Amino acid sequence: MKLLKTCFSYFLCVCSIIIIAGKNTIIAEEREPSLRYQIWVELDDQDKMLYGKEEIVWMNKSQDAVRDMWFHLYYNAFKNEKSTVIEESKESIKQFGINVKDGEWGWIDVTRIYLADGRGLTPTMEFVTQNKPIHPDDQTVMRVIFPESIMPGGEVHVFIEFQSKIPRTILRSGYYKDSYFIAQWFPKPGVYEEGKGWNCHAYHLNSEFFADFADFTVHISVPEKFVVGASGKQIKAKADKESGKITYTYEQENIHDFAWTANPDFIKIERDFIADEEITKEEYQEVARMLQLPLDDVKLPDVKMILLINPEHKDQIKRHFNALKAAIKYYGLWYGPYPYETVTMVDPPFRTRSGGMEYPTLFTAGTSILNSKEVLSLEGVIIHEFGHGYWYGLCANNEFEEAWLDEGINTYSTGKVIAKAYGQGTIPAYFNRIPMNWFFKFPKYYDYELDRTLGIHVVELDPITTYSWKFFNIVSYGLNVYQRASTCLNTLERLVGPETMLRILRTFQTRFRFRHPHTQDFIGIVNEITGKDYSWFFDELFFKTLNFDYGISSISSKKVKELVRGVFDINGKKEEVTKEKIAKKEAKDKKMKKKPVYLSKVKVRRFGEARVGGESDLKIMVVFEDGSEETVFWKGQERWKEFVFTKPVKAKYAQIDPENIWLIDSNISNNSLKLKPSRKESFRFIYKIIFMFQNSIQFLSALS
Amino acid sequence: MNIFKVFMTGFRTANKKAKMLVYLWVINLLFSLFAVTPLYFLISKEFSRSFTGEQIGIGLNMTWLGDFIYKYKDFYPAFIGWILVFMIIIFLLSIYLNGGIIGRIVSEDERITFVDFLSDCGKYFPRFFRVALLTLVGYFIVFGLLFYAVSQLFKVWVRNATTEWTLIISSNIKFLIALLLFTIVRMFFDYVKIRLVVEDSRKSIRATLLNIPFIMRNFFKAWALFLCVGLIVCVVSVIFILVNSFLPRAGALLIVCLLWGQFYMFIKIWTKLLFFSTEYHFLSLSGLR
Numbered sequence: 001m002k003l004l005k006t007c008f009s010y011f012l013c014v015c016s017i018i019i020i021a022g023k024n025t026i027i028a029e030e031r032e033p034s035l036r037y038q039i040w041v042e043l044d045d046q047d048k049m050l051y052g053k054e055e056i057v058w059m060n061k062s063q064d065a066v067r068d069m070w071f072h073l074y075y076n077a078f079k080n081e082k083s084t085v086i087e088e089s090k091e092s093i094k095q096f097g098i099n100v101k102d103g104e105w106g107w108i109d110v111t112r113i114y115l116a117d118g119r120g121l122t123p124t125m126e127f128v129t130q131n132k133p134i135h136p137d138d139q140t141v142m143r144v145i146f147p148e149s150i151m152p153g154g155e156v157h158v159f160i161e162f163q164s165k166i167p168r169t170i171l172r173s174g175y176y177k178d179s180y181f182i183a184q185w186f187p188k189p190g191v192y193e194e195g196k197g198w199n200c201h202a203y204h205l206n207s208e209f210f211a212d213f214a215d216f217t218v219h220i221s222v223p224e225k226f227v228v229g230a231s232g233k234q235i236k237a238k239a240d241k242e243s244g245k246i247t248y249t250y251e252q253e254n255i256h257d258f259a260w261t262a263n264p265d266f267i268k269i270e271r272d273f274i275a276d277e278e279i280t281k282e283e284y285q286e287v288a289r290m291l292q293l294p295l296d297d298v299k300l301p302d303v304k305m306i307l308l309i310n311p312e313h314k315d316q317i318k319r320h321f322n323a324l325k326a327a328i329k330y331y332g333l334w335y336g337p338y339p340y341e342t343v344t345m346v347d348p349p350f351r352t353r354s355g356g357m358e359y360p361t362l363f364t365a366g367t368s369i370l371n372s373k374e375v376l377s378l379e380g381v382i383i384h385e386f387g388h389g390y391w392y393g394l395c396a397n398n399e400f401e402e403a404w405l406d407e408g409i410n411t412y413s414t415g416k417v418i419a420k421a422y423g424q425g426t427i428p429a430y431f432n433r434i435p436m437n438w439f440f441k442f443p444k445y446y447d448y449e450l451d452r453t454l455g456i457h458v459v460e461l462d463p464i465t466t467y468s469w470k471f472f473n474i475v476s477y478g479l480n481v482y483q484r485a486s487t488c489l490n491t492l493e494r495l496v497g498p499e500t501m502l503r504i505l506r507t508f509q510t511r512f513r514f515r516h517p518h519t520q521d522f523i524g525i526v527n528e529i530t531g532k533d534y535s536w537f538f539d540e541l542f543f544k545t546l547n548f549d550y551g552i553s554s555i556s557s558k559k560v561k562e563l564v565r566g567v568f569d570i571n572g573k574k575e576e577v578t579k580e581k582i583a584k585k586e587a588k589d590k591k592m593k594k595k596p597v598y599l600s601k602v603k604v605r606r607f608g609e610a611r612v613g614g615e616s617d618l619k620i621m622v623v624f625e626d627g628s629e630e631t632v633f634w635k636g637q638e639r640w641k642e643f644v645f646t647k648p649v650k651a652k653y654a655q656i657d658p659e660n661i662w663l664i665d666s667n668i669s670n671n672s673l674k675l676k677p678s679r680k681e682s683f684r685f686i687y688k689i690i691f692m693f694q695n696s697i698q699f700l701s702a703l704s
Numbered sequence: 001m002n003i004f005k006v007f008m009t010g011f012r013t014a015n016k017k018a019k020m021l022v023y024l025w026v027i028n029l030l031f032s033l034f035a036v037t038p039l040y041f042l043i044s045k046e047f048s049r050s051f052t053g054e055q056i057g058i059g060l061n062m063t064w065l066g067d068f069i070y071k072y073k074d075f076y077p078a079f080i081g082w083i084l085v086f087m088i089i090i091f092l093l094s095i096y097l098n099g100g101i102i103g104r105i106v107s108e109d110e111r112i113t114f115v116d117f118l119s120d121c122g123k124y125f126p127r128f129f130r131v132a133l134l135t136l137v138g139y140f141i142v143f144g145l146l147f148y149a150v151s152q153l154f155k156v157w158v159r160n161a162t163t164e165w166t167l168i169i170s171s172n173i174k175f176l177i178a179l180l181l182f183t184i185v186r187m188f189f190d191y192v193k194i195r196l197v198v199e200d201s202r203k204s205i206r207a208t209l210l211n212i213p214f215i216m217r218n219f220f221k222a223w224a225l226f227l228c229v230g231l232i233v234c235v236v237s238v239i240f241i242l243v244n245s246f247l248p249r250a251g252a253l254l255i256v257c258l259l260w261g262q263f264y265m266f267i268k269i270w271t272k273l274l275f276f277s278t279e280y281h282f283l284s285l286s287g288l289r
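Sequence lines, in order, name chains A and B.
Our numbering puts the first residue of the first sequence at 1, with every later residue one more than the last.
Our numbering puts the first residue of the second sequence at 1, with every later residue one more than the last.
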């Protein structure tokens, strides 16, 4: 028996090992990046140059034989006025235009490219434009042709030597005096898509980026005066006394971009996010319950937080870390643990125009010397940019083609985290860079309210799913992919319920970690988790330009007359009901205190083109003078519908969508209609306007 | 000439002739009502039967703000036109009323009647209108040329800034300079208007030219006097804002808030009287030279 027990235990043990090993292999296979980088880069502070060497190992994971390789050379976007970015900026709204002064251009030159065996690829180099023929002279995408195709499962080992002139910051990357923020700086292969080829768009004004997951080792040599921060984990710092330079080595697995910054004035502070101190047992239990996951699956690891901050913002160190802790906590609890050991938060160096931008394991925040604690701009930007570590960093969608997948989901997520950690924020107001919030009370708001206020204005311009550079203009791009998408997701949350929404996003995040999801993947998960087909929701609100607006068109309540004038056939006789007869009847009813009956009619209308679909419908609530309620539902497919109620009391008001589920509704004010107007509140508002006008008269009269 | 004494004399005159305050306040209120009435009907029509209307009265709220902007997005040009038209009307109205104010301050008759006030408004309107045009020239010289030149120096300073402090300090110094320059222009042309009334002259350009040596001779005293009254406006405004933040915004006590607002308007109009009366006494005591 003992032997049998031992054998059985042994058998179980072996099975477990096999299962665990098998599972790990699957994860490892799925997550093993197809790319490895080793980059050596040297900063020439005097001439604002970068001198670099790059070693790339790319594995062909597709079933295609790949003959060429496409690289992003993003710095060439700042080379001349023929680049896509500059040309698009000329066509853009003036305020978003790019004005490069003489001597401030930047560029990247690939001086040599060759294979590990020494065979040169330099002669095959050519600039290509994936989006022909709009900007034919753009040089932000380069193609090289291999001597022979890379077969499925095969690897190619490429060496690149390059030098770059750092621009005086134009878009996110560059220098100001001796401060640097270096992003999109090295030759970066596009993403190979099986059957389609390289996905490698030019650098566009209205777009961010797309790249494959890779393991990075980067050696950054800078003069010793600089404090450096970079993606990943610093593993080495080697000083060379002769050259006066220090070489910092950073490593990070499974990221798809690498950015760094150098500034002599940075204060570098490191703190730990200790999960056990930040999250209570009850919070874990609550999240596990909502996500329907075992407790252990929602447990978070500790994270090293690194802050590089300018001395003038030293008094805001605590605010920076508090916001980052809130972000790590809630993103981690809701969407899955942060998988990297470090996160670097950079207070962007003065005038490097690099604030509010995300890179894997590193992001830039942005603050001012003078600011109000009531205004959550700083917290908002930290939470949002850290959040991109999830939506863009881990779920790495193509930001050129489906920007809403990271910007929209992350704007939605940011709002949730801010609301949970801080509550409402206050509208910021500055005069000459002095916060007016110090002196006056300004309205408070939740992010979802602001998102809706902004998002509804661009509904009819472009579908949310438009390619980034193909939006009507930069405003349509911004408001559609950020605010409108966030508003649609908030609407979806109200439709499916907050816990289901949480499970949708958790599933989407965990399933597509270290992968490149598409809109259809998201829709698939929504359908899977809800168990219903929500494709109509995306068809109406994401893929089309349909305004969503349902409202109450009219409401009336009229006494039902038992007698009406005219001639009627009663018992085979013609009998006339006269005014006199009616008056007599009414007097009699009054005497007998007979309660009148009212016929209340409520007409609802679909003012917009968008319709609700699937199993969803619109709730219509009618409240009567005695406080009683009637609720009816409408599928909302027709243009209008009338609902009739017969009750012994008059209707007081009617409301469509009383729970405000359809946040995307562009006109919430027509969602309710009272039988009798109340002008008291309008008067209060108007008094404020009158007072403002009186003051304006005084102010203007001072000019004459 | 003691500035404090001039100030006190002006203070007494402004109080003696405070009846004008009622006229000016009523005109101010009626004109505001007239301008805002279309908006009231619009708000009433659109929101008085909606729950959104209830939120409007409480204060700025993202929901109704979004609805409002979305609904009237095609009416921005009309809205801007409405603002511009009323700005021009206010400009002309204030020129008109200045005639009445200065006319009554300068008048030896201490009894103020609405008829006399209006008659002064009408009498001095053409000459004050010419002064207003000259004021625009003054603004152009001071802001279009002088301040522009000063701004260029700031631009050079800011261009090489290494910290945000430079921007904060420079923009606020620039604002202060602009404000002080504005007070100088405003003060200069106040004296031109008073001179025209005192001398009962129609020659605006002559009065302006005559005013130059007067201001140059008495610049610091005149400016100090002007800034003293300006300081009162600032102090009153700060008190208003502070008290206002504690007042109830709802219920029956809302009336306190409304009255406090109108009291503030009253005081602001009174300071206008104070500006002109102190300047009149300063000019008189200087012998119009």
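Mixed in with the good hints, there may be bad ones.
[Unchecked claim] Listed next, with one range per pair, are the computed distances between beta-carbon atoms:
#, chain 1, residue 1, chain 2, residue 2, range
1, B, THR37, A, LYS591, 30 to 38 Å
2, B, SER237, A, PHE607, 40 to 48 Å
3, B, LEU181, A, LYS177, 26 to 34 Å
Simulated from the structure, these hints should not be mistaken for laboratory data.
Bear in mind that the values here come from a model prediction, so they are computed numbers and not experimental data.
Yeah, the Cβ is synthetic: ideal placement off N, Cα and C, and Gly gets one too.
Checklist entry - Any hints this thing doesn't respect? Which numbers, in order? => result When the structure is compared with the hints, only number 1 turns out to be violated.
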